[in-house]
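S.K.: Chain by chain, the residues run as shown.
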Amino acid sequence: MSSTNLIVADALQAELAERVDRIRPASYVMRPDVLGAARLSRYSFSRTMLRRAVADGWTAGRAHQDLDGEGRGESVYSVDTGTRRFSFVAFTTTIDESAHTDRVIADRWEVAGALVDGDVDDDLLARLRVEVPEQERGRLDSRVLSLTRGNRSVRFFGYLVDELAAGRQPDAHRVGDAGYILRSTAFYANGKFGMRSFAGYPDDHPFRVSYRAQFVAAWMFRELGYDMVEHCARVKGGDRAVGFDEVWRRYFGLGNATGLGLVPYAFKHPRVLDAWVGVREVALADVRDRELVSTDGEVLRGWIARARQHFASGSDDDCTPFLNSQALVPVLDDVAAAWNRLANGTRPYDALYRWAEEQGPETSELVVSLLLELHDGDDDLYDTFLVVDERSSADPTMSVGEARSLLDERFGWLGDLDLDGPSADAFWWVVSDNTEEPRRARRSRLAPEGRDVAVDVAIRLWRFKQALSGRDADEPVVGVLADHPDHRAAFERLVASDRRYGEPRDNTCALDYLPLQIQRFQLAQYGMDEFKPKSTDWLRVTLFQGAPRLAELGPDTTDDWVLPARPMARRERQ
Amino acid sequence: MIAGDNQVLVAPREVHDLVFRCARIAGLDAGAADRAGRNVTYAEVHLGGAVTTFATVLTDPQRLVAEYGAGPDALVLAEVEARAKGIGSACFATGVPMAALASGIADIAGRGLGVDGVAVGATATTLVHALQVGGPAMPADDAAGVRAAREGLAVDWEAFGALTEASKAFLVSEATLDEIED
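Residue numbers (this note's numbering), protein chains in the order written: chain D, 16 to 589; chain Y, 2 to 183.
So that you can see chain D by itself, here it is in the shape it has in the complex (with noise of 0.2 Å):
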């Protein structure tokens, strides 16, 4: 049985098939120093949502706003795609600053919202009323896309109200680094509490597209921001206050703190992941392949100048084991003297990529993320590569011959990986009581019993293969599943993980397992920058800032919005 008849023959499968020689391999791509140097590229999902809402024409605004002096009310935006509209409905109070927490086991938040399909007549907004603030204690239904919450960013927001009101935009050596108004932490859908699910999205649906109604949730959430700001510095100031000008309205985007619950939806969907990267991958195959042409070599050096730019007004706090921007700045000066060595031979910008990936995965993933701002793929294919069908089915007569050629085809990394070491299962995946975080507890302290996450694959599969050894390989599987039923898990990923780039090549239970790096491409995927780790399990990170707001969309709307110089530094270049 060979691995091609087991690669389903989808859209994005074709695409890599057809670059097969040129694709970067699954071997480095998948290697957790690389997943975790990943950074937004022109295919995360806020850049896709907003280059789609162009496109489609559409229009969003504040449809209702009642706030009190301190920000405290009901918000109401909504979106109007040409074909369907859509509501955000956000519910924001104060709390002490003493009970912010980023953490998702918090009880408590200063914005709770909701998305949802169509407008919001009073009976469904008093009961989103009494739901949403609840959050994962709440029943919704499927009128709601997604539900998200967040905190005001406890720095800042009090200082950009008290600037706005006495007239004066905010000093940008107080606010330049912060990037962020509210903090949000997370965004749910696909069925969470009742919402509706996305395979029940119809296929002409505007949202039927992977986290197109979470990142659509995002930018109204960001927008919110704003809003309460200048309403609050409105009330605050009077006839004194003022709006942001030019300089800043466009600079904040929406923080984030992001923790182990990104883990295992990351090890649970190996087609789904295997879309993002192979998305990336088909684009990056494509520019690598070009010659020069004399434009692109400008758009890249433009492209690298910003970066630059936008990095070197950034901060240079401890973001261990990430660089932090101060540290980028001087990749990016490598990167750019490497371009002006390479532009002007064959094949230059698979030069500059081969280059970078010599200089380790923060310069590789970099140099690949600025590559692909010169693809110009067709966003109605590239949509479509990211709706997966995760069905499988694990054929039961399945030889445990044809399993163990599996095994080697597919998961033959796992040898290098110590998984007989005595580290290799220090930990093991858990949920807490505590509005269900993931989490990790230590074996030797805590026995699942039954309670584990079932994100162990590395483990698993290697404790699979084991099993089949010295099985008879005519025998089917499942005689050696009816001896050893555990192994049902493994053997069903085994078939379903029929992609390239399906399986970070990680151990999750591993002592010195770092879930930053599979934390962080997922973020990067999303399009989210500005990596802060806070420990080897949380971050904190920024999207959408540079973005338009919802007034500024329309024809003229470009998609270079990303890595926005600081306003110190903007007006110092006038």
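Just so you know, the hints here were simulated from the structure itself, not pulled from any lab data. Honestly, I wouldn't trust all of these hints.
Computed far set for chain Y versus chain D, every beta-carbon distance over 12 Å [unchecked claim]:
{"id": "1", "residue": "His47"}
{"id": "2", "residue": "Arg64"}
{"id": "3", "residue": "Ile88"}
{"id": "4", "residue": "Ala94"}
{"id": "5", "residue": "Thr95"}
{"id": "6", "residue": "Val119"}
{"id": "7", "residue": "Gly122"}
{"id": "8", "residue": "Gly136"}
{"id": "9", "residue": "Pro137"}
{"id": "10", "residue": "Asp157"}
{"id": "11", "residue": "Ala163"}
{"id": "12", "residue": "Ser168"}
{"id": "13", "residue": "Thr177"}
Below, simulated DSSO-like cross-link-like pairs (lysine-lysine); rule was C-alpha separation at most 30 Å, straight line [stated by the list, open to error]:
{"id": "14", "chain 1": "D", "residue 1": "Lys207", "chain 2": "Y", "residue 2": "Lys169"}
{"id": "15", "chain 1": "D", "residue 1": "Lys207", "chain 2": "D", "residue 2": "Lys549"}
{"id": "16", "chain 1": "D", "residue 1": "Lys283", "chain 2": "D", "residue 2": "Lys547"}
{"id": "17", "chain 1": "D", "residue 1": "Lys283", "chain 2": "Y", "residue 2": "Lys169"}
{"id": "18", "chain 1": "D", "residue 1": "Lys283", "chain 2": "D", "residue 2": "Lys480"}
{"id": "19", "chain 1": "D", "residue 1": "Lys480", "chain 2": "Y", "residue 2": "Lys86"}
{"id": "20", "chain 1": "D", "residue 1": "Lys283", "chain 2": "D", "residue 2": "Lys549"}
{"id": "21", "chain 1": "D", "residue 1": "Lys207", "chain 2": "D", "residue 2": "Lys480"}
{"id": "22", "chain 1": "D", "residue 1": "Lys283", "chain 2": "D", "residue 2": "Lys207"}
Where a beta carbon is used, it is the ideal one built from N, C-alpha and C, also for glycine.
Chain D is already provided as a structure; the job is to place chain Y on it using the hints.
M.R.: Frame of chain D, contents of chain Y only:
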């Protein structure tokens, strides 16, 4: 939200997730528990009443393991037999509810084999004593699945509440986790 008298609207994945957790706590391995989740969800969507049926075994883990673990296992072996010999059979001594088998039967059909022995008009509660695997598969229609994904599933409020409560045993207290953390 409330769907009507004694019913609550839920998403299909919620049924799957709760059944999975309850099955794990009862002693099923992760693969079998996932399969139990698929079976109950499929039966709820296509036959109705599966959540209520599953709720009846929550206080009897041995019965849960027998019906939702061993029952589908027998069906798998019947398929293996059918592929080798043209026809295979599964016998369930005390009967297994359709809630424990429905997705498995559909999967076999998806792989091209028919399954005989399910009474016309069967519900998720209907006990099955014997099934025969072989012959051509009946064409499948998943309109009910599409509708459930779009509109949600109206399930028995009390039974769903019982699953929700029982599934909490799958969780570990935050205090315990904090205590054992380095």
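S.K.: Hint by hint, note whether the structure agrees.
M.R.: Against the structure, the hints:
no.	hint	in the structure
1	His47	15 Å, holds
2	Arg64	17 Å, holds
3	Ile88	14 Å, holds
4	Ala94	18 Å, holds
5	Thr95	20 Å, holds
6	Val119	19 Å, holds
7	Gly122	27 Å, holds
8	Gly136	17 Å, holds
9	Pro137	18 Å, holds
10	Asp157	15 Å, holds
11	Ala163	16 Å, holds
12	Ser168	10 Å, violated
13	Thr177	7 Å, violated
14	Lys207(D) with Lys169(Y)	16 Å, holds
15	Lys207(D) with Lys549(D)	28 Å, holds
16	Lys283(D) with Lys547(D)	25 Å, holds
17	Lys283(D) with Lys169(Y)	21 Å, holds
18	Lys283(D) with Lys480(D)	19 Å, holds
19	Lys480(D) with Lys86(Y)	29 Å, holds
20	Lys283(D) with Lys549(D)	25 Å, holds
21	Lys207(D) with Lys480(D)	35 Å, violated
22	Lys283(D) with Lys207(D)	16 Å, holds
In the structure shown, a violation is registered for the earlier hints numbered 12, 13 and 21, in ascending order.
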